[in-house]
Amino acid sequence: MNRETIGKTYPPVVYEVGQEKIREYARATLQDNPLYTEPEFAALSKYGTIVAPPSFVAVYCGEMFNQLFSDEDLGIDLPRIVHGEQEFKFRKVVRSGDIITSIAKIVDVFSKQSDSGVTHEFGVLKTESKNQRGQVVCEGIWTVIQRGIEG
Amino acid sequence: MNERKKQTFTIDKYLPIYYAGASGDFNLIHIDPEFARKQGLKANILQGLCTLGIATGFLVGQDDPDKLKSIKVRFANPVLPGDKLTFAIENTDAEEEFSAVNQRGDEVLSDCSAELS
Numbered sequence: 001m002n003r004e005t006i007g008k009t010y011p012p013v014v015y016e017v018g019q020e021k022i023r024e025y026a027r028a029t030l031q032d033n034p035l036y037t038e039p040e041f042a043a044l045s046k047y048g049t050i051v052a053p054p055s056f057v058a059v060y061c062g063e064m065f066n067q068l069f070s071d072e073d074l075g076i077d078l079p080r081i082v083h084g085e086q087e088f089k090f091r092k093v094v095r096s097g098d099i100i101t102s103i104a105k106i107v108d109v110f111s112k113q114s115d116s117g118v119t120h121e122f123g124v125l126k127t128e129s130k131n132q133r134g135q136v137v138c139e140g141i142w143t144v145i146q147r148g149i150e151g
Numbered sequence: 001m002n003e004r005k006k007q008t009f010t011i012d013k014y015l016p017i018y019y020a021g022a023s024g025d026f027n028l029i030h031i032d033p034e035f036a037r038k039q040g041l042k043a044n045i046l047q048g049l050c051t052l053g054i055a056t057g058f059l060v061g062q063d064d065p066d067k068l069k070s071i072k073v074r075f076a077n078p079v080l081p082g083d084k085l086t087f088a089i090e091n092t093d094a095e096e097e098f099s100a101v102n103q104r105g106d107e108v109l110s111d112c113s114a115e116l117s
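Sequence order for the protein chains is Z and P.
Counting from 1, one number per residue, gives the positions in the first sequence under this note's numbering.
Counting from 1, one number per residue, gives the positions in the second sequence under this note's numbering.
If you're looking for bench data, these hints aren't it; they were derived computationally from the structure.
Mixed in with the good hints, there may be bad ones.
[What the hints assert, rightly or not] Derived DSSO-like pairs (lysine-lysine); straight-line CA-CA distance at most 30 Å:
hint : chain 1 : residue 1 : chain 2 : residue 2
1    : P       : 72        : Z       : 105
2    : P       : 67        : Z       : 112
3    : P       : 84        : P       : 72
4    : Z       : 89        : P       : 38
5    : Z       : 92        : P       : 5
6    : P       : 5         : Z       : 112
7    : P       : 38        : Z       : 46
8    : P       : 6         : Z       : 112
9    : Z       : 46        : P       : 84
10   : P       : 42        : Z       : 130
11   : Z       : 8         : Z       : 126
12   : P       : 67        : Z       : 46
13   : P       : 69        : Z       : 130
14   : P       : 42        : Z       : 112
15   : P       : 5         : Z       : 8
16   : P       : 38        : Z       : 112
17   : P       : 69        : Z       : 46
Just need the whole structure built from these sequences, with the hints factored in.
If you want it as structure tokens, here you go:
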């Protein structure tokens with residue numbers, strides 16, 4: 001990964017949150033809270049509609065990673081990429097019908113040698129996502145590792 | 001009030017494929033066992049963010065998701081199809097440390113913390 005890309009920002013990604021996508025995502029992450037899965041129950045809640053689990057940020061920021069992984073400046077070799085660390089700050093619950101706009105910036109690129117002597121590369125991306133009212137819903141710090149090739 | 005909460009989840013053989021469909025993360029190391037092995041992995045591995053999703057489900061439970069203010073994890077060991085993951089948290093008041101281990105006792109998430117209101 002190219003260190004010169006530190007500070008680079010990517011075009012905003014716009015995502016419209018839909019009820020069926022939330023339910024599909026909740027099932028695939030074993031989250032059975034009825035606020036995510038049962039429209040009648042959620043309609044009677046303070047939200048008035050199905051809401052997304054906090055971790056749904058992985059979906060509305062997903063396209064950001066297609067941009068990152070295909071960025072020739074950064075130079076990622078996708079099969080060698082694994083997720084290293086993740087941090088999210090959740091500011092506001094996302095509801096079905098929300099339109100989320102996310103921006104991302106590369107904040108660090110570095111390499112580190114493992115105990116076995118293989119050098120792994122690390123890329124750190126910061127994202128901020130806002131809803132259609134301009135309220136921040138989530139901030140993320142995503143660390144990906146490009147695994148080194150064994151000597 | 002301090003309380004200990006613990007919950008075990010079984011990772012269905014096809015969960016990485018369901019998660020790929022739900023999230024759009026179709027990286028072949030997650031869905032193709034043969035490809036994953038060629039990359040030096042034991043098998044296809046579950047998407048880290050799926051494990052994080054399961055962790056947020058464990059932390060929020062049946063409550064209002066607004067209670068979860070932050071989460072931080074390191075993906076310490078790969079999660080494989082068929083694994084059984086046990087999540088535990090000591091206290092559910094404020095900033096908390098929680099754990100996620102597989103049936104072999106390996107931490108799949110390490111340095112885990114979450115802020116709950």
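Broken hints, numbered, in rising order?
Checked against the structure, the hints that fail are numbers 2, 4, 6, 7, 8, 9, 10 and 15, while the rest are satisfied.
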